[in-house]
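Q: Listed below are the residues making up each chain.
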Amino acid sequence: MSILSPEQKSIQQAAKEFVAKVIIPNAAKFDKSGEFPMLLLEASKPSNIFAMAVPKEFGGLNYDALTQALVLEEWGYGCAGMGTTLAASVLSMDSVLIAGTDEQKRRYFKPMLNAEIGSFGLTEPGAGSDAAAGTATAVKKGDEYILNGTKCWITNGGFATVYVIFANTDPAAGVKGISAFIVERGLPGFTIGTTDHKLGIRASNTVELLLKDVHVPATNLLGKEGEGMKIAMKTLDMARPAIAALSVGIAQRALDTCVAHVHARFPGKPFPGQTLQFKLADMQILVEAARETLHQAMQLRDAGVPYSKESAICKTFCSDVAMQVSATAVSLMGSYGYTSELGKYMRDSKIMQIYEGTNQIQRLVISRAVLAHAPAAGAAQKAGK
Amino acid sequence: MNFELTEEQQLIGQSARDFGKQYIEPIAVELDHTGEYPKALVQALAKHDFMGLLLPDDVGGAAAGFVSYVEVIEDLSRYCAAVASIVNNHTIAAYVIQQWGTADQKKEYLPSLAKGELLGGVAIYEHGPTPGVGAEALVATKQDVGYVLNGKKAFVRNAGEAGVYVVFAITDPALGAKSLTAFLVKAAAIGVTVGEKLETMGLKGCPVADLTFENVVLAETALLGTVNGGAAIASQALAVASVAEAAQTVGIGQAAVEHAAAYAKQRVQFGKPVATLQAIQTLLAEVATDCHLARLGLRNAALLIEEGKPFEVEAAMVKSFLARLGSKMLIDTCQVEGGFGYSESMPLPRMFRDIAGTNLLDAPGDFPEKLIAASIA
Chain A
1 MSILSPEQKS IQQAAKEFVA KVIIPNAAKF DKSGEFPMLL LEASKPSNIF AMAVPKEFGG
61 LNYDALTQAL VLEEWGYGCA GMGTTLAASV LSMDSVLIAG TDEQKRRYFK PMLNAEIGSF
121 GLTEPGAGSD AAAGTATAVK KGDEYILNGT KCWITNGGFA TVYVIFANTD PAAGVKGISA
181 FIVERGLPGF TIGTTDHKLG IRASNTVELL LKDVHVPATN LLGKEGEGMK IAMKTLDMAR
241 PAIAALSVGI AQRALDTCVA HVHARFPGKP FPGQTLQFKL ADMQILVEAA RETLHQAMQL
301 RDAGVPYSKE SAICKTFCSD VAMQVSATAV SLMGSYGYTS ELGKYMRDSK IMQIYEGTNQ
361 IQRLVISRAV LAHAPAAGAA QKAGK
Chain B
1 MNFELTEEQQ LIGQSARDFG KQYIEPIAVE LDHTGEYPKA LVQALAKHDF MGLLLPDDVG
61 GAAAGFVSYV EVIEDLSRYC AAVASIVNNH TIAAYVIQQW GTADQKKEYL PSLAKGELLG
121 GVAIYEHGPT PGVGAEALVA TKQDVGYVLN GKKAFVRNAG EAGVYVVFAI TDPALGAKSL
181 TAFLVKAAAI GVTVGEKLET MGLKGCPVAD LTFENVVLAE TALLGTVNGG AAIASQALAV
241 ASVAEAAQTV GIGQAAVEHA AAYAKQRVQF GKPVATLQAI QTLLAEVATD CHLARLGLRN
301 AALLIEEGKP FEVEAAMVKS FLARLGSKML IDTCQVEGGF GYSESMPLPR MFRDIAGTNL
361 LDAPGDFPEK LIAASIA
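Those protein sequence lines, which keep their order, are chains A and B. Quick note on this note's numbering: the first sequence kicks off at 1 and runs consecutively. Quick note on this note's numbering: the second sequence kicks off at 1 and runs consecutively.
Be careful, since some hints might not be right.
Among chain B residues calculated to face chain A with C-beta under 8 Å, some are [what the hints assert, rightly or not]: (1) P273; (2) P347; (3) A356.
Which chain A residues face chain B? A few, computed with CB under 7 Å, are given here [unchecked claim]: (4) K21; (5) D320; (6) M323; (7) L332; (8) Q360.
These are computed hints drawn from the structure, not numbers from a lab. By construction, the Cβ of each residue, glycine as well, lies at the ideal position given by its N, Cα and C atoms.
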């Protein structure tokens, strides 16, 4: 277990209490209906948790990366759908933190101080893993940009107040023409398309965003023209561990559910054989290793050390762990597993391996890092002999 | 052994695929949404002789061998595994009566089971640690004539729709599971109540519920097999059922990998179909391999069953293999289809939810590995 400061412990404790009081009792209901849990935003107002990533000077809670991960793990434990709502809002903020001016930050973060949410619009139907293939355009006209295009699988899209949207200001330049913009809800021509009904994280809102001649003030450009892809990649580096944190929460919940069921089914009895016991041990090993990997990446980030590879590793490992632990839990608990909330953890886990960069894309990043430098001569010689 | 299916086995498989295409495919999505038992479809299955596959000619069955049977289950599962699950639970009930029933019991139940006029179900599991243990264990108390049943069975498939259940109860709480005894209980018997239909992750349309027995009076003729001879019947029934369940897993996995491969060929990223990427090829290849090996294993077990040879170890191996790799087939094929495939408007999410229900380890402490390990000489 990482050594947490007293402040981190108390924030973690507060998150646990919020999750127990607000998220867990409502998780099944919104998972079933697929509706967006507005009550979550209302209930978050007193704690201001949607401003957890907002720096102090803008009125936010200014949590460091590790502390944010602690909160997100708890939310993932309660409901990865609702956790996704928080994670995706923070994701959009990260772009503004990376590239925004003070004025842009003030404007973008203000809604979060009132438990409103943000949304990050990068993906398009033809541009998923290949984010550079986006075809949305932004044409400068006077002191405005005019945005056109379609974004898909946009988390929080239907309920956000502010958005970071990527569009190309110089299509001839390809990926080097992609730029990032702050777009406010309600601008003429900016509409919400169809809502996706998903296998899991059903409490989170996933929509299409339609941009038709949307006039955005030129002051909403984040960074410079053509810096969009750089901003997006940095944002995803920052945001990926959030998915790892949700994943650790799901895996811990699946394990706890198994343990509770085993206790209920074998009251006062010896627990059945080593097969079951060792499978539970394996789950525990994976959950703890996943959490440590995540915390280590967060400590690197908080120390200001490059952590791009570690970010990819923790996203991949933690989401694979959530998937494996939840699938094992369903199978191991038999019909009980199949008729219980364990199924939800399995459905929710699946997207953790896909969104914010599929685990295949992460492996691409990790393999490049692995192969970037040949090992020291001694090691290579040894391997050759 | 011969790895090729005979012409007859191939034909019966083809007829199941034809049936699936014509009757199941059009309703599979709706069935998944409503979760309502597909009465009309089961009638169509019966009309096409799929409800009496393992039963002999003289009671109106199709007298298909077990290899043909698992072929049908795999093929139906390609379209909807819930339907295959209804058929399997029904067929296993009929199989148990065929194997252990008296002449009178066979005469009473098998013709209507074969015609699909009567649906069968099997009630083995309980909420306690193992059947026969715990406060809610189903107990059969011997009367001067016949038995009285009191207690509860858990997670019964086809519950509420079946007309007859093969029910396992203990006759002596002191002996516990050693006194497990099988009975044939009509759904209409006074004191039998079907609990609320349980919410399942998938296989929707195949109802699952608990059965409660309150002073259910049974005639002597309801006894199936011998008194305290139920454990052997239960383990045999579970072993046979698990081979067909493996065919469900393989049917779903095969349909999913074919869908994912087709998707990968048309989904263009980085300027070319993702099917050209090694990472995607590896995912697809591993699933196809697992499917193929599981199919060989389950056909081998099915052939042993068909030939009346010991099959339990081979069946346990298939179960162990799929408990590890069954759900992974959909975890990996869903990965190929990415964000698109995560939408319930696409077919893989249903298969993801369904496949998880086909490789459950339902008897705690009694894992397939136990039998396998013991068999290694």
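Q: All hints, please: hold or fail.
A: Now the hints, each set against the structure:
1. P273: Hint violated; P273 (chain B) Cβ to chain A Cβ min 12 Å, cut 8 Å.
2. P347: violated (11 Å)
3. A356: holds (5 Å)
4. K21: Violated - the Cβ of K21 (chain A) stays beyond 7 Å from chain B, reaching only about 24 Å at its closest.
5. D320: violated (9 Å)
6. M323: holds (6 Å)
7. L332: Holds, about 6 Å.
8. Q360: holds (5 Å)
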